[in-house]
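There are 6 protein chains.
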Amino acid sequence: MKLLTQEVDRIVGRALEEDLGWEDITTRSIVPPNARGKAVIVAKRRGVLAGVDVAVAVFRRLDPDLSVDILTTDGVWVEPGTLLLRIEGRLPGILAGERVALNFLQRLSGIATATARYVQAVAGTKVRIIDTRKTTPGLRVLEKYAVRIAGGFNHRFNLSDGVLIKDNHLAALRSLEVGLRQAIQMAKENVPHGMRVQVEVETAEEAEEAAAAGADALLLDNMALPDMRRVAGRLRGKVILEASGGITLETVRAVAETGVDLISVGALTHSSPALDISMDLEE
Amino acid sequence: MKLLTQEVDRIVGRALEEDLGWEDITTRSIVPPNARGKAVIVAKRRGVLAGVDVAVAVFRRLDPDLSVDILTTDGVWVEPGTLLLRIEGRLPGILAGERVALNFLQRLSGIATATARYVQAVAGTKVRIIDTRKTTPGLRVLEKYAVRIAGGFNHRFNLSDGVLIKDNHLAALRSLEVGLRQAIQMAKENVPHGMRVQVEVETAEEAEEAAAAGADALLLDNMALPDMRRVAGRLRGKVILEASGGITLETVRAVAETGVDLISVGALTHSSPALDISMDLEE
Amino acid sequence: MKLLTQEVDRIVGRALEEDLGWEDITTRSIVPPNARGKAVIVAKRRGVLAGVDVAVAVFRRLDPDLSVDILTTDGVWVEPGTLLLRIEGRLPGILAGERVALNFLQRLSGIATATARYVQAVAGTKVRIIDTRKTTPGLRVLEKYAVRIAGGFNHRFNLSDGVLIKDNHLAALRSLEVGLRQAIQMAKENVPHGMRVQVEVETAEEAEEAAAAGADALLLDNMALPDMRRVAGRLRGKVILEASGGITLETVRAVAETGVDLISVGALTHSSPALDISMDLEE
Amino acid sequence: MKLLTQEVDRIVGRALEEDLGWEDITTRSIVPPNARGKAVIVAKRRGVLAGVDVAVAVFRRLDPDLSVDILTTDGVWVEPGTLLLRIEGRLPGILAGERVALNFLQRLSGIATATARYVQAVAGTKVRIIDTRKTTPGLRVLEKYAVRIAGGFNHRFNLSDGVLIKDNHLAALRSLEVGLRQAIQMAKENVPHGMRVQVEVETAEEAEEAAAAGADALLLDNMALPDMRRVAGRLRGKVILEASGGITLETVRAVAETGVDLISVGALTHSSPALDISMDLEE
Amino acid sequence: MKLLTQEVDRIVGRALEEDLGWEDITTRSIVPPNARGKAVIVAKRRGVLAGVDVAVAVFRRLDPDLSVDILTTDGVWVEPGTLLLRIEGRLPGILAGERVALNFLQRLSGIATATARYVQAVAGTKVRIIDTRKTTPGLRVLEKYAVRIAGGFNHRFNLSDGVLIKDNHLAALRSLEVGLRQAIQMAKENVPHGMRVQVEVETAEEAEEAAAAGADALLLDNMALPDMRRVAGRLRGKVILEASGGITLETVRAVAETGVDLISVGALTHSSPALDISMDLEE
Amino acid sequence: MKLLTQEVDRIVGRALEEDLGWEDITTRSIVPPNARGKAVIVAKRRGVLAGVDVAVAVFRRLDPDLSVDILTTDGVWVEPGTLLLRIEGRLPGILAGERVALNFLQRLSGIATATARYVQAVAGTKVRIIDTRKTTPGLRVLEKYAVRIAGGFNHRFNLSDGVLIKDNHLAALRSLEVGLRQAIQMAKENVPHGMRVQVEVETAEEAEEAAAAGADALLLDNMALPDMRRVAGRLRGKVILEASGGITLETVRAVAETGVDLISVGALTHSSPALDISMDLEE
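Going down the list, the protein sequences come from chains D, U, W, P, Y and A. Take the first sequence: its letters are residues 1 to 283, numbered as in the working numbering. Take the second sequence: its letters are residues 1 to 283, numbered as in the working numbering. Take the third sequence: its letters are residues 1 to 283, numbered as in the working numbering. Take the fourth sequence: its letters are residues 1 to 283, numbered as in the working numbering. Take the fifth sequence: its letters are residues 1 to 283, numbered as in the working numbering. Take the sixth sequence: its letters are residues 1 to 283, numbered as in the working numbering.
Careful, some of the hints might be misleading.
[Stated by the list, open to error] Listed next, the in silico DSSO-like pairs over lysine-lysine satisfying Cα-Cα at most 30 Å (straight line):
hint	chain 1	residue 1	chain 2	residue 2
1	Y	K126	P	K238
2	D	K126	W	K188
3	U	K188	D	K38
4	U	K238	A	K188
5	Y	K166	P	K238
6	D	K238	W	K126
7	U	K188	A	K166
8	Y	K166	Y	K188
9	A	K238	U	K188
The set of hints was computed from the structure by calculation and includes no laboratory data.
Here chain D stands alone, though its shape is the one from the complex (with noise of 0.2 Å):
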């Protein structure tokens, strides 16, 4: 993540101005500036790591004095007490940046961790679990990091960086007379050119019309198993094709199995419970 200095920055400065406010009042009022400590971050729980690069931002950016150690690397199955960060130096922040380096640590693991139990889950398939738009207001760029750090893959950043003609692109078109096709149409020929074009379906019918109209890329919303299996018998290899729709890590499998291209999991980002992680001073 070394590239993204900028934007980690202004994520980590807009939280630790949340956190802190004008000051730290407890730990200005007990602790005396100077004093010194060391600290180690713990897993509670088992699960795969992601943000530790966040972490440390956080500290450094409270003290640049502060030493941090990695200990355990991103994308890594964790178990119950496994280190993570070790962090030395002046005792006032090491103790302010400990909520909100742990709120990073637990999201971002969290994310991770839902995400290796979907990709284990088709681990054989050719399949790949991608992410959606439905991330946290804010963190898109971090959580959409934790997915790929887990095996998962992402699908387009955002509005400007892929295309994809949805069911409501679609209700608007027709209220304006403008069908599936002529849409299609239109979208080839104003994206740029390194853009596909995909389209949102629901039936198998207009999965082959859409591709039959020049669709790079359908996402199959909501289809039941048997119609996701004739599109893909009928379409695999001539367009890409994503499975959507209320997948859970009990279905997936199968979704998989349909010989589907890309199954897109929105619950990765929205629903994924944090990781349990906690700071320790040594005493």
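For this one, chain D is given, so just place chains U, W, P, Y and A on it according to the hints.
Positioned in the frame of chain D, the structure of chains U, W, P, Y and A alone reads:
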């Protein structure tokens, strides 16, 4: 949330920058810029609504001419199918705002729904369900609002508006040969007169020692129910008692019945799944 | 450009800060603050207009009470003397906005004019004239709009919304003993499914090698016309072909006739002279 | 440019945000994050270099560990092949910074080159070539630096650090029945004592009237050479004389020889073509 | 102050962030969000009013629906009891804005009042009372406005819009073996033609030397009255003379009568006590 | 102030932008960019020093290579001639930073000096001198620090970290037919448990009523000494008592002897004259 215009504006602006990038390339390619339409935002699952003002701000910011009607207000239990907002006007703004508006609504309503369930679980007791600082970086002001609108209460907002001497503070002080009593004394001498001094304790003995030293409030961390009951029996009414640590919807009633004043639940903000909400364009 | 309000606002705000400093000292010294006037913005040379919305934003930001009428729309060829905008209201805002509004209009119309000339030069072929990332730092969103409004098309906006393996990537990979074929393979495996993989090549042999390795598009860099013709003969319709490198208004037609799909012209944005436009106060 | 760190930082940061988006997806897909390399930036055409400090800032911001050596300093005439900068370190930062660094160098060197040509054209006279406020929005501080490094001088930076009563001011005042003399009087009474009052005039008569009314400097707008000569003959040494309006490299010498003190050339900043400069990775 | 909207907006926004934090917890706890009320802002001491536009901006920013009437305009002498502004609308915005609005009004009116007293003290002479750069960091644009509205004049705004060779410049140059005459020469050669060159001198001899070397203006630093008189006798009308250094309301008249043109008073902005102003809610 | 880096950075950055504009034109014109020098910052009057870290930040930001030594620490009484800081390095940064560094030091030391005088005046009593929200917009975090370093204490920082029911709240509530008792009740029910509820009262009767209603602290506004004494006699030790309103250095001792706990003095931050401090370049 009227007085928060400035902060909500910044959060919404940042979220739109993130999701729009430099333009909504799909919509620009296929939808005429002045074509008009109507859409409704509708609940897909049962839950407590939170964030309608934020959703309104999203659409208004994209296109100040959009008319956005609030059909359901924050804090209300909604059922699958309940209409939440109606948006009418130029299509590009409606289509571009969909995802960001839903991302806010789903997350905040997820938090509100979880909060309301905890509040219901302790109904009839005098206990308050409160939040923690385990919030999503950058969204604390919204997430704490979602807790409140659902009947919960807020703990301190950040490190500068509340005093809480935590386990790591005490560990740090022990290594400087400063004990619990002295720490409480120092805090009482140095913090602004409008703030109470709260201390985290792990045993009934520590609780009594802290109370004797003048603590105004205690955080009983992961304490067994009988210990909590004993502490409450002796200290209730003299100091404010907050139970904390791994309390779930299953255990919260029993904790409430020990006689504590407050129960804080980090999971409200760090692990609540999103409430399913979607937008439908009317044809 | 309605959906770009936020970004255009930032650019306009920054431009006004830069040009206003702390006050318009000349106007404050000699013009009564509430004196009113009218002005027109008028073309002084023939060209394609671009940027009227930006000019409007400049005046509105200085004084929301100014009435600004758009007399000519973006994309239109204007002649010396064509009236573009009329502004009416308090004089200080009109006078303070003149230079910034003209700076935007002149630069964007200069780009639009150059683009339109290239588009005319290839009229009748199927070639698209496209822009590059050789834009003015900070103004890319406006400059790419100016290209589009004049009949050109956009290449990728930035490094995150398009994939282009350039000569320097290939040089870097060679020093790591990674060849062209392998580079293309890696890119296809790692980029989001909505993006095509484009590769820069310098010879017909490289072009064929890249196409065979699965490249979706090629950038033919500074290739001689016969070589381009040969590449187009073999690959047109299979991969997207972009000609690039030192193409001028004199040579563009010949390049278009080789059979490539796209011609990119960096000079559109890095070297187009401004179109002469001025503001006259009506007495 | 050492003291401008803050402003240059903002401009560079904004340019990188614009060009990087959320990540350099090509490089991330095919180049190992810690692979190292060397590159040189080299001139492709003859011209005057400007902006090396900005290019250095671009690379340093992307990766503080990059070593960047300045091989040629600003203000020097370079030939095709002259090496300007050498960059060494991790490849991702080198590759990601190329375009932005070149965009700055090409534009600023284009301005410096044009300026130097005008300065050469008036060599031997006492005339100063000066810039205008017709600069690229957002880049004025850099563009005015490029003028200066090439032997030109700066006119006022913005509306708050210089007083210039322009034709539109005078038109506005005429409609309020305020004449030239009175306008100059008001300005002299109201502006800070450290600023001179300059007035735009179109005829020799106006020039004399303005001088008589106490103007400290005149801008002779689009005046014919004989008129300029007449004005200079009478007023040179008493008021500062600036010639302006459509002066080209062909006409500038003749203008200089009329005896004016300053010649301002808007085209330096609004229409100079970029100087061709490129980056080559060493294999 | 109409054209300063952008800068005043930023200052007001920052002040509200600082004073509001995340919410007005008192008002939220006890006042219904839609309850309405009226308030007046009223002077408690005699003084010159400054800042009403800023106060209006404070309330409007908190609640755009508040109606705010200006009852007294900037620059007017007010008496205890004079009504300045009336605010009407929802109570939360009125209550939350009180302190910030008053902080601006009190400080700016304090400066205006002090300025007016100095201006009165030199009434009948031709001397201008001017301010300095000894302003409150972040508020200069407002404080210099307060000086002006009360009859004072502004010195340069900052280091980029005026030239003043100060004692420390001269000391620096002496250590480089550059003398006063040469320094003035260099400045005249290098600064934009619209700026005068002013030099700080401490003795009558230095004053004459600087004038002879071509200085356009002198700052007579802490000079004794007889020396000032001597300098004024010789140089008045030839160079602009500014007296500076420890001048008080008691001594300013005598200084004015020496014949200098300008008297600068740092205390106007660094040490003026606030004017007492308060807000009363109407019941 | 180590943990405040982010906020102090923003304040310092803003102050330098304001004072530098686009360049230090005087210094650029006459001082070679790499010439070196030394300067000392020295007190000219007796007072308590505050702000040295801010002054250091000013110089470091202008030129990170400057060496800045702190010779006197914040909170110390200094005499005329006491050396505070020594700066050494390139002259342009030293010269450009002088005014901004002094503006911070003078203002903060002015506040510290006034605070120390009030603290001395109540020496021997148990009363704390506290500040108010009557601070300079934008500088509160620094001004409250200056109060603390001089022996004072802080009241709440802003509207979100302390509860104070003021006269205008009570007036508003009366018009809604809500009395003092009920207001206090509502506040106690709604504010976070870590905050005390303080109420402004004007008479001894109100004081007793508020205490009886459960107020944790009272602000005795402009109360006569005998009334304060009576209130203190009855309520001291039961509720926290703050005296406020027009208390001066002359009257503060008498107020302290009434038995109140806290005395708040708005003038500390809104009307303290600057402490005279200057910078001298060593030749």
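Hint check results:
{"no.": "1", "hint": "Y:K126 / P:K238", "verdict": "holds, 25 Å"}
{"no.": "2", "hint": "D:K126 / W:K188", "verdict": "holds, 14 Å"}
{"no.": "3", "hint": "U:K188 / D:K38", "verdict": "holds, 26 Å"}
{"no.": "4", "hint": "U:K238 / A:K188", "verdict": "holds, 16 Å"}
{"no.": "5", "hint": "Y:K166 / P:K238", "verdict": "holds, 28 Å"}
{"no.": "6", "hint": "D:K238 / W:K126", "verdict": "holds, 25 Å"}
{"no.": "7", "hint": "U:K188 / A:K166", "verdict": "holds, 25 Å"}
{"no.": "8", "hint": "Y:K166 / Y:K188", "verdict": "holds, 15 Å"}
{"no.": "9", "hint": "A:K238 / U:K188", "verdict": "holds, 16 Å"}
Hint check: no violations occur; every hint is consistent with the structure.
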